[in-house]
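Q: One letter stands for each residue in the lines below.
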Amino acid sequence: MIPGVNSKKRQMCFDWGPGEMLVCETLFKKKEKEEKMLGCPFIYIVRKDIDVYSRILRKLFNESHGIFVGLQRIEEESTGKSRKAQLVRVSKNYRSVIRACMEEMHQVAIAAQDPVSGRQYSSQVSILSAMELIWNLCEILFIEVAPAGPLLLHLLDWVRLHVCEMDALSADVLGSENPNKHENFWNLPGNTQTLTELELKWQHWHEECERHLQDGTFASNPHLESLCKIMLGDDSALLEQKELLSNWYHFLVTRLLYSHPTVKPIELHFYAQSSLDLFLGGDSSPEPLDNILMAAFEFDIHQVIKECSIALSNWWFVAHLTDLLDHCKLLHSHNLYFGSNMREFLLLEYASGLFAHHSLWQLGVDYFDHCPELGRVYLELHIERIPLNTEQKALKILRICERRQMTEQVRSICKILAMKAVCNNRLGSALSWSIRAKDAAFATLVSDRFLKDYCERGSFSDLDLIDNLGAAMMLSDRLTFLGKYREFHRLYGEKRFADAASLLLSLMTSQIAPRSFWMTLLTDALPLLEQKQVIFSAEQTYELMQCLEDLTIGRTESRDLEGQRLQDDDIETTKVEMLRLALARNLARAIVKEGTLEGS
Amino acid sequence: MEEIFAKFVSQKISKTRWRPVPPGSLQPAETFVTGSWDNEENSVSLWCIGDFGNLSSDGGFEGDHQLLCDIKHHGDVMDLQTLSVSQEWVGAHYHIGPGSPSYRSAPCTGIVCNSPEIVTVGEDGRINLFRVDYKEAVRTIDNADSSTLHAVTFLRTPEILTVNSIGQLKIWDFRQQGNEPSQILSLTGDRVPLHCVDRHPNQQHVVATGGQDGMLSIWDVRQGSMPVSLLKAHEAEMWEVHFHPSNPDHLFTCSEDGSLWHWDASTEVPEKSSLFHQGGRNSTLLAHPSSNQLNVNQSLISSWLSTDPAKDRIEITSLLPNRTLSVNSLDVLGSCLLCGTDAEAIYVTRQLFS
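If you read the protein sequences in the order shown, they are chains A and B.
Going by my numbering, 247 is the number at position 247 of the first sequence; the sequence numbering is gapless.
Going by my numbering, 137 is the number at position 137 of the second sequence; the sequence numbering is gapless.
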């Protein structure tokens with residue numbers, strides 16, 4: 001329900017986005033006149049994945065990202081026991097992160113002031129608890145791959161961890177008789193006993209218990225008698241204590257403890273199914289969690305993942321669990337119909353969800369990196385759409401792209417930033433962005449802006465930049481021209497007229513200067529021509545005259561076509577005449593000077 | 001190896017700073033401030049390190065930082081300084097001024113305080129000088145730079161030094177009236193943007209800068225316009241460089257590549273033959289630390305500028321245990337070090353020189 005919108009009275013339209021939906025009010029044309037009612041002017045963003053915005057769950061995403069990246073870096077060469085130990089450690093790390101989140105959320109739930117949010121937090125806690133339950137079971141069955149014997153111990157720990165409050169009560173009832181026998185029996189020092197030895201011992205103990213029952217040792221006390229029956233693994237006796245067993249898997253493990261402690265992994269699902277049926281007793285149907293656990297007991301990994309994907313609202317759990325199981329080489333690489341395998345599909349979905357978040361997109365990058373088939377393409381598409389609010393954020397994004405040789409993206413991002421800079425009149429920034437992208441076209445654009453500013457104002461802005469271009473000058477011809485032109489001004493300022501003169505000439509003859517600027521250049525040459533001493537040699541003067549002629553011919557033609565105003569013509573012709581005069585005078589003096597020198 | 005504690009805080013940290021302890025106090029730093037970025041609503045938060053009620057068995061402290069308070073901050077937090085102030089200057093940096101209808105504000109990228117003066121620089125290339133009790137800026141240098149100014153630091157009191165995104169250091173003297181820098185220093189060759197700068201606490205002419213290519217440069221502003229030494233350090237942008245305020249032979253840098261390095265130039269070891277032996281003053285060296293310490297033959301005087309290439313060496317240590325996302329900020333006070341990362345974690349250690 002979206003507040004402020006009355007969907008019955010107004011029409012809604014919507015559009016899908018990558019992780020969300022945009023909804024707003026609209027009005028389709030109707031035949032009858034509709035009353036003009038004040039509508040709601042807002043556009044609403046409806047997001048499916050609200051978990052991403054939870055403050056506490058953010059810690060889950062960040063910490064698990066670190067574990068994920070560390071997992072990908074585990075050496076491929078390590079095989080056998082060391083590798084298995086590493087993978088189990090990774091799994092425990094994931095689980096401890098989930099538990100930490102759960103505890104924090106539990107604290108917040110207790111401290112919550114309004115009951116609605118308190119309930120929300122509590123339900124979130126139970127979801128996290130279920131996730132940890134499933135993960136733990138998967139760790140025991142698929143990663144640890146516990147054989148018969150230790151298997152039951154792990155399952156006991158598993159149940160104990162999750163049903164600790166129930167366990168506290170049942171320990172009182174069950175633990176009063178024969179505690180020593182229990183402890184000694186289960187004290188297996190480093191698996192020195194083989195499975196058969198264990199079975200034998202257990203058989204002896206079981207028979208002794210049965211003898212006690214049949215002899216009626218406990219006949220006087222009905223409690224002790226039912227206790228004995230429980231220890232013999234009698235199903236009905238166990239079911240009588242149903243209130244103490246909070247759920248069917250607690251029932252299952254208790255059953256196994258007392259009737260089949262050396263159960264083998266492949267036998268598990270028989271007992272699991274019967275435990276579930278007996279416990280529920282036809283009263284209720286299995287919940288999604290029950291189905292997931294059952295699938296795990298049946299060692300059907302794909303079913304587990306599929307059920308989890310349906311039940312949970314966020315891809316986090318299935319993505320990370322599948323990735324871990326894939327590292328254990330448990331997933332057959334059967335291809336899904338859209339081309340990538342399950343692990344990659346889930347990671348891509350999860351990472352895409354991260355990219356829809358304003359801040360967590362940085363985590364998504366590493367996930368895409370480890371999707372060999374489609375990861376790069378996804379990254380290229382997503383990274384261009386991140387809004388560039390500040391330069392620092394843009395720099396981080398550029399670094400991500402450059403590290404992965406995504407040159408197209410670098411170019412487009414730098415272009416966006418350079419355009420922004422030009423609009424804000426930050427020409428130096430614009431130039432440094434185009435240098436970073438090695439974008440010659442944009443550098444030309446910026447240089448043209450500089451030159452335009454010079455023509456309008458008569459002086460250069462941003463001298464600190466132009467004077468210190470360095471090697472970047474070579475990026476574009478226009479930029480080179482700009483640098484050299486500025487150098488000409490500098491040389492002139494330092495009264496190094498000969499150098500300035502030859503530089504000016506070379507700018508025109510080497511075609512670096514744009515035609516439109518030649519008039520300015522020639523006008524710049526005027527003071528040099530008017531100096532007392534002869535600066536331009538005869539040769540150079542001829543070249544200057546040639547340039548002037550080239551320019552005026554072009555001008556005459558274009559003037560005829562365009563028909564400019566008389567005033568402009570006047571200024572132009574005056575300039576040209578002055579130049580012609582100056583050039584001629586200079587030529588004369590140069591010839592004389594050169595002739596004289598040669599003579600002496 | 002120092003013990004370093006991490007805490008995940010659900011916000012990407014852009015800046016962290018210790019709250020200064022009163023001089024002469026023997027207590028280690030306890031309170032620090034962080035600023036976040038890239039959130040829809042950013043905040044500046046004040047944290048306090050846990051009390052001594054949480055001592056572990058060997059007497060070290062159990063680093064759990066508690067949030068004391070936080071306030072909303074409009075926009076990303078770009079820089080932090082601790083100062084006692086009760087003013088807010090809005091619109092200090094802009095592309096098109098507040099008088100115009102197409103007003104566009106610009107990010108303010110750096111701030112430095114020397115009570116009661118505050119200097120700010122921004123993406124608009126503007127430098128502002130504020131005083132704590134004045135509403136308007138006392139002095140503004142418009143268009144001080146045609147590119148973005150990334151960081152600023154005080155040299156001597158009336159002089160500041162700025163670094164920009166075309167690789168130049170500029171020194172400004174507030175006593176002079178004009179809008180021109182009194183000195184410009186830069187690297188030749190590629191115009192690599194400089195992101196951070198810090199001045200040596202005792203020798204006011206020695207300045208360290210960090211660049212976009214992860215290069216650490218040491219400059220002597222009295223002499224020449226070239227850096228004294230260039231050290232190839234990180235693989236990506238160096239976000240912050242800090243001299244240790246009381247032990248200036250130690251330098252700390254943090255970078256986009258997710259590492260935080262401690263440079264120790266205080267050791268004087270008799271000369272050993274080293275693979276990286278270089279002569280001469282202006283030399284570029286490669287430095288690759290691992291989690292163990294690595295000796296690098298370095299030419300620096302008084303630990304940072306030196307004439308004798310064979311004598312002094314720098315030890316470089318990487319302080320963070322695992323590679324993480326970018327370390328955006330660090331601060332060091334006494335024997336306490338603090339840093340914040342893009343992985344939304346804050347790392348604190350209080351035994352820096354153990």
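Don't read these hints as lab results, they were simulated from the structure.
Think of the CB as a built atom: it goes at the ideal place given N, C-alpha and C, for glycine as much as any other residue.
There could be a bad hint or two in this list.
[What the hints assert, rightly or not] Derived lysine-lysine pairs resembling DSBU-like cross-links, with alpha carbons at most 35 Å apart:
| # | chain 1 | residue 1 | chain 2 | residue 2 |
| --- | --- | --- | --- | --- |
| 1 | A | 329 | B | 7 |
| 2 | A | 484 | B | 135 |
| 3 | B | 7 | A | 84 |
| 4 | B | 232 | A | 393 |
| 5 | B | 135 | A | 393 |
| 6 | A | 92 | B | 135 |
| 7 | A | 415 | B | 135 |
| 8 | A | 438 | A | 420 |
[Stated by the list, open to error] Computed from the model, here is a short list of chain B residues facing chain A with C-beta under 7 Å:
| # | residue |
| --- | --- |
| 9 | 10 |
| 10 | 12 |
| 11 | 39 |
| 12 | 105 |
| 13 | 136 |
| 14 | 146 |
| 15 | 165 |
| 16 | 186 |
| 17 | 236 |
| 18 | 256 |
| 19 | 321 |
| 20 | 325 |
| 21 | 343 |
[Stated by the list, open to error] Pulled a few chain B residues facing chain A out of the computed Cβ check, cut under 10 Å:
| # | residue |
| --- | --- |
| 22 | 8 |
| 23 | 232 |
| 24 | 235 |
Q: With reference to the structure, classify each hint as holding or not holding.
A: Hint by hint, here is what the structure shows:
1. 329(A) - 7(B): holds (33 Å)
2. 484(A) - 135(B): Measuring from Cα to Cα gives roughly 45 Å; hence the hint is violated.
3. 7(B) - 84(A): Given that 35 Å is the threshold and the Cα spacing comes to 29 Å, the pair holds.
4. 232(B) - 393(A): Distance ~24 Å between residue 232(B) and residue 393(A) Cα, so the pair holds.
5. 135(B) - 393(A): holds (31 Å)
6. 92(A) - 135(B): violated (56 Å)
7. 415(A) - 135(B): Distance of about 38 Å is beyond 35 Å: violated.
8. 438(A) - 420(A): holds (17 Å)
9. 10: Holds. Min distance 4 Å.
10. 12: Cβ of residue 12(B) sits 6 Å from chain A, so the hint holds.
11. 39: holds (6 Å)
12. 105: Hint on residue 105(B): violated, closest Cβ of chain A at ~11 Å, above 7 Å.
13. 136: violated (23 Å)
14. 146: holds (3 Å)
15. 165: holds (5 Å)
16. 186: holds (6 Å)
17. 236: holds (5 Å)
18. 256: holds (6 Å)
19. 321: violated (11 Å)
20. 325: At about 6 Å, which falls below the 7 Å cut-off, the nearest Cβ of chain A leaves the hint on residue 325(B) intact, so it holds.
21. 343: Since chain A brings a Cβ to about 5 Å from residue 343(B), closer than 7 Å, the hint holds.
22. 8: Where the cut-off is 10 Å and the nearest Cβ of chain A is about 4 Å from residue 8(B), the hint holds.
23. 232: At 17 Å from the nearest chain A Cβ, residue 232(B) fails the 10 Å test, so the hint is violated.
24. 235: holds (9 Å)
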